[in-house]
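If you're matching them up, the sequences are chains D and Z in order.
Using the numbering used here, you'd call the opening residue of the first sequence number 194 and step up by one each time.
Using the numbering used here, you'd call the opening residue of the second sequence number -3 and step up by one each time.
In short, the hints are calculated from the structure, not lab data.
Even for Gly, the Cβ is constructed at its ideal location relative to N, Cα and C.
Errors might be hidden in some of the hints.
[What the hints assert, rightly or not] DEER-style ranges, computed between Cβ atoms:
no.: 1; chain 1: D; residue 1: K264; chain 2: Z; residue 2: T1; range: 21 to 29 Å
no.: 2; chain 1: Z; residue 1: T72; chain 2: D; residue 2: K271; range: 44 to 52 Å
no.: 3; chain 1: D; residue 1: K264; chain 2: Z; residue 2: F42; range: 42 to 50 Å
no.: 4; chain 1: Z; residue 1: K75; chain 2: D; residue 2: R202; range: 23 to 31 Å
Now for the letters of each chain:
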Amino acid sequence: EAGVVQSPRYKIIEKKQPVAFWCNPISGHNTLYWYRQNLGQGPELLIRYENEEAVDDSQLPKDRFSAERLKGVDSTLKIQPAELGDSAVYLCASSLRLGNTEAFFGQGTRLTVV
Amino acid sequence: EDQVTQSPEALRLQEGESSSLNCSYTVSGLRGLFWYRQDPGKGPEFLFTLYSAGEEKEKERLKATLTKKESFLHITAPKPEDSATYLCAVQATTDSWGKFQFGAGTQVVVTP
């Protein structure tokens, strides 16, 4: 069974430039999460989807971040414009359903803003 | 506010030297506690889910236990390949959407 696939693996951009991350969850998983992980910290939730509906985006900085999950499968997370403080690893995860089932993570995208 | 605190921040072990990692949590109601392993440059890899106090789960040299306030991850006779950062996360019953609240992790290094 294929795992969660993310691309790109690495991205270096200048501040004020836009950037986008893509995620393909495990087949059949209805729930999709985007997390941000800073060095030496645990992942912090940005947004959660149940199918195509964003059920919790309270942690997403909406002035510069946006996300979508068209057709309830793949998802894209965008930052525009990027700031130096956005440098982090962006992780996508999926689970069968919301609730107490475990989430499976992708490899992440390491973003460096210079 | 829900909180998850892991200790120690870092742990250096000799091969074969058993030890325990701690995850203490504060939630109004626990739906589940999860342990993950994270290797450098990779995403977290699921290890265990614990749901109620007294529950235990085992996988190879790892054993996770749960009380009402904390969870322990015991590493028995570790090998160098057990070197990783171990993360715990909780889900609270007050969150209907199953949010995972992660701790900062314990970085474990096992030397030959």
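Taking the hints in turn, this is what the structure says about them:
1. D:K264 to Z:T1: 21 to 29 Å: Cβ of K264 of chain D to Cβ of T1 of chain Z: about 39 Å, so the range 21 to 29 Å is violated.
2. Z:T72 to D:K271: 44 to 52 Å: For K271 of chain D against T72 of chain Z, whose Cβ atoms are near 45 Å apart, the range 44 to 52 Å holds.
3. D:K264 to Z:F42: 42 to 50 Å: Violated, since K264 of chain D and F42 of chain Z (Cβ atoms, about 26 Å apart) do not stay within the stated range.
4. Z:K75 to D:R202: 23 to 31 Å: holds, 28 Å
Hints 1 and 3 from the list above are not met by this structure, while the remaining hints are.
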